[in-house]
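Protein chains: 2
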Amino acid sequence: MSASPENPAGYSIEAGNAASRNAYGWAKKTFANRAGKPGEAAQDLDGGFANEIRFGNARLGISSDGIGTKIEVAERVGRYDTLGFDLVAMTADDLIVAGFVPTNLSNIIDVNHLDYGVVDQLMRGLHDACNFAQIAITGGEIAELGNRIGGWPGAAMNFNWCSTAIGSLHPSLARPLSGHTAEAGMAVVALQSPSFRSNGYSLARKTLQKVLGDNWHEAPYDGADADQYATWGEALLAPSLIYSPGVAALLDAGLPLHGAAHITGGGVADNFQRVLKNGLGAVLDNLFAPLPAMQRLCEIGGLSPETAYLYWNMGTGMLLVTEEASAAAVVASLQASGYVAQVAGHLTAARGVTLRVESGELRYE
Amino acid sequence: MSASPENPAGYSIEAGNAASRNAYGWAKKTFANRAGKPGEAAQDLDGGFANEIRFGNARLGISSDGIGTKIEVAERVGRYDTLGFDLVAMTADDLIVAGFVPTNLSNIIDVNHLDYGVVDQLMRGLHDACNFAQIAITGGEIAELGNRIGGWPGAAMNFNWCSTAIGSLHPSLARPLSGHTAEAGMAVVALQSPSFRSNGYSLARKTLQKVLGDNWHEAPYDGADADQYATWGEALLAPSLIYSPGVAALLDAGLPLHGAAHITGGGVADNFQRVLKNGLGAVLDNLFAPLPAMQRLCEIGGLSPETAYLYWNMGTGMLLVTEEASAAAVVASLQASGYVAQVAGHLTAARGVTLRVESGELRYE
Numbered sequence: 001m002s003a004s005p006e007n008p009a010g011y012s013i014e015a016g017n018a019a020s021r022n023a024y025g026w027a028k029k030t031f032a033n034r035a036g037k038p039g040e041a042a043q044d045l046d047g048g049f050a051n052e053i054r055f056g057n058a059r060l061g062i063s064s065d066g067i068g069t070k071i072e073v074a075e076r077v078g079r080y081d082t083l084g085f086d087l088v089a090m091t092a093d094d095l096i097v098a099g100f101v102p103t104n105l106s107n108i109i110d111v112n113h114l115d116y117g118v119v120d121q122l123m124r125g126l127h128d129a130c131n132f133a134q135i136a137i138t139g140g141e142i143a144e145l146g147n148r149i150g151g152w153p154g155a156a157m158n159f160n161w162c163s164t165a166i167g168s169l170h171p172s173l174a175r176p177l178s179g180h181t182a183e184a185g186m187a188v189v190a191l192q193s194p195s196f197r198s199n200g201y202s203l204a205r206k207t208l209q210k211v212l213g214d215n216w217h218e219a220p221y222d223g224a225d226a227d228q229y230a231t232w233g234e235a236l237l238a239p240s241l242i243y244s245p246g247v248a249a250l251l252d253a254g255l256p257l258h259g260a261a262h263i264t265g266g267g268v269a270d271n272f273q274r275v276l277k278n279g280l281g282a283v284l285d286n287l288f289a290p291l292p293a294m295q296r297l298c299e300i301g302g303l304s305p306e307t308a309y310l311y312w313n314m315g316t317g318m319l320l321v322t323e324e325a326s327a328a329a330v331v332a333s334l335q336a337s338g339y340v341a342q343v344a345g346h347l348t349a350a351r352g353v354t355l356r357v358e359s360g361e362l363r364y365e
Numbered sequence: 366m367s368a369s370p371e372n373p374a375g376y377s378i379e380a381g382n383a384a385s386r387n388a389y390g391w392a393k394k395t396f397a398n399r400a401g402k403p404g405e406a407a408q409d410l411d412g413g414f415a416n417e418i419r420f421g422n423a424r425l426g427i428s429s430d431g432i433g434t435k436i437e438v439a440e441r442v443g444r445y446d447t448l449g450f451d452l453v454a455m456t457a458d459d460l461i462v463a464g465f466v467p468t469n470l471s472n473i474i475d476v477n478h479l480d481y482g483v484v485d486q487l488m489r490g491l492h493d494a495c496n497f498a499q500i501a502i503t504g505g506e507i508a509e510l511g512n513r514i515g516g517w518p519g520a521a522m523n524f525n526w527c528s529t530a531i532g533s534l535h536p537s538l539a540r541p542l543s544g545h546t547a548e549a550g551m552a553v554v555a556l557q558s559p560s561f562r563s564n565g566y567s568l569a570r571k572t573l574q575k576v577l578g579d580n581w582h583e584a585p586y587d588g589a590d591a592d593q594y595a596t597w598g599e600a601l602l603a604p605s606l607i608y609s610p611g612v613a614a615l616l617d618a619g620l621p622l623h624g625a626a627h628i629t630g631g632g633v634a635d636n637f638q639r640v641l642k643n644g645l646g647a648v649l650d651n652l653f654a655p656l657p658a659m660q661r662l663c664e665i666g667g668l669s670p671e672t673a674y675l676y677w678n679m680g681t682g683m684l685l686v687t688e689e690a691s692a693a694a695v696v697a698s699l700q701a702s703g704y705v706a707q708v709a710g711h712l713t714a715a716r717g718v719t720l721r722v723e724s725g726e727l728r729y730e
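Taken in sequence, the protein lines are chains C and W.
Each residue of the first sequence is one higher than the one before, counting from 1 in the working numbering.
Each residue of the second sequence is one higher than the one before, counting from 366 in the working numbering.
Please note that the accuracy of each hint is not assured.
[Said to hold, decoys possible] With a Cα cut of at most 35 Å, we get these calculated DSBU-like pairs of lysine-lysine:
| # | chain 1 | residue 1 | chain 2 | residue 2 |
| --- | --- | --- | --- | --- |
| 1 | C | Lys29 | W | Lys402 |
| 2 | W | Lys402 | W | Lys571 |
| 3 | W | Lys402 | C | Lys28 |
| 4 | C | Lys37 | W | Lys393 |
No lab work stands behind these hints, which were simulated from the structure alone.
Quantities reported herein were computed from a predicted structural model and do not represent experimental measurements.
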């Protein structure tokens, strides 16, 4: 991609990708262990964030993820009952973009030392998020790891939180969604994101630290939606919207999907490129306006649009590829489910993703 | 239980149990989300470390765990290709004691900053362990979390590692193993453990630190099996033996199992009590001799047998309940699979677990 600034978040996306590729290489060598047996790994989701496994007629998806350094924001604000929505969103929405309706979740909380009240808040939030997404929490572990866990020194408990979710292939689909059936001219529908979701916090925290100092979370929030959040801490803690129920409802209604992208680390273009197969590209000229907090961070931190669109979702949390004739019905279905959605652009026969946004045009090859 | 010394490992088992019970309470409230649908949670494994979920005719088990502070030993020794056996053992053996043959594993590595070579060693070891246990690695995530991850300062990379494993109910079983069909007089077969597995490291490290100082891992190992390990670091790093293939082979052979316990944190009595239902108890008078490293730690650290048997497996990694008439065949089958096994005792009509070990008799109510 052309928009690749030098490591502004303090870690290298490329080094992470290299290690992940290596790890996936080792993993693939073990697929033969289940060939023709329960737990057989289907290989047709190569490159996605969910994998398909089969048990008889059951075709399941599995996805693992954590919520990264957003936890520091919760530690600073002292509120822990919203992170469950982030935890569920990260895996449930990786499943639904492959066509798996999330059904079960197992979570692991690693703590430095236990605080019963914080764990209670975390689990209450996870319970609420799983009710929202119609998921059963069927596994869990809390591990006390002392100095192996760090975080904000003022917090009652430092912790990391990750989960593995399982989903069942939607009965209307003959195979997982992969983008292989997409064609030039198809519509791309965007789902608005009211938050950072659980990505891009290293860059956001670094920027706020530089501009506002150590206690940036207590600084008055001055984004365009300042009526909603008193402090920068609260603005950054805004929970992830879980899209899986809305997408499952689309599929239940028989509306056609040819691919879907969950916009996480790497931003709109990087994540959408994963579903562009057969040499297709896209022009997205009607994305949502940038999330006000992201817009304001760019202003006070002097960040370029290239950097912002690489690390942050910029207000769009998911993209769905559908047939032009069904685009309006897809948008209407999502709106009926309570989401903010609009047609954001179209697929093109020419490679590359073009984002036409307020600040100009960004091209990714 | 009667043998409950005051917190010698630096954390409270009771506080951990209270938080886990609370978390499980929140989790159970979400089971209704999948009632009568794919991913339905069966509630008959209450209190176990694996949960049953159903997809049509597929009856799956799911279990999540990490390898705790054993990682510090690997960081000190500088060897990372054995921890995969610990990671697989923790979840695969929680599944097999409930009758689920492990099929798939998803893993998450949280790191402070990425070291490609360390990740490569970890994943090579995980690959080897999954080949041993006939598991496919069908999910993974590496997260760079900066100062949220700590560990031994001299290591190339600090990290925590956890996994979620899925298994398929063995076709010979009408329902998961739970201990409900066990009866007084049945035999208890023990599987020898050649290592600490992945539990009890807080106490082991604390003891060595106190006696041998900061660089305890480099101190010459002087246990009874000192021919096998040069240093205390190497002795403590000995990988977990994965029992699931041996137990699956028993079931394949049609041998009867009425319950099984994976001996992890909490030791022999605490873990075995979970499978004692209907008011049954047990006398275990022929357990394996304590692991030499554990024996030597008791000597140099002045630890009582009560403490040692509460925090460590003491040489027995799994206990299986079988019919008296089948006990010899169960032992023979496990030996044929390459494990060291023996009849360790019997179930009793009276409650409580009695361990008759070298140091005397330990009773747990």
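Checked hints:
1. The hinted pair formed by Lys29 of chain C and Lys402 of chain W meets the criterion: a straight-line CA distance of about 33 Å does not exceed 35 Å.
2. For the given pair, Lys402 of chain W sits about 48 Å from Lys571 of chain W by alpha-carbon distance, which is inconsistent with the 35 Å threshold.
3. For the given pair, Lys402 of chain W sits about 31 Å from Lys28 of chain C by alpha-carbon distance, which is consistent with the 35 Å threshold.
4. Taking the CA atoms of Lys37 of chain C and Lys393 of chain W, the gap is about 31 Å. The hint holds against a cut of 35 Å.
In terms of the numbered hints stated before, the structure departs from hint 2 and from no other.
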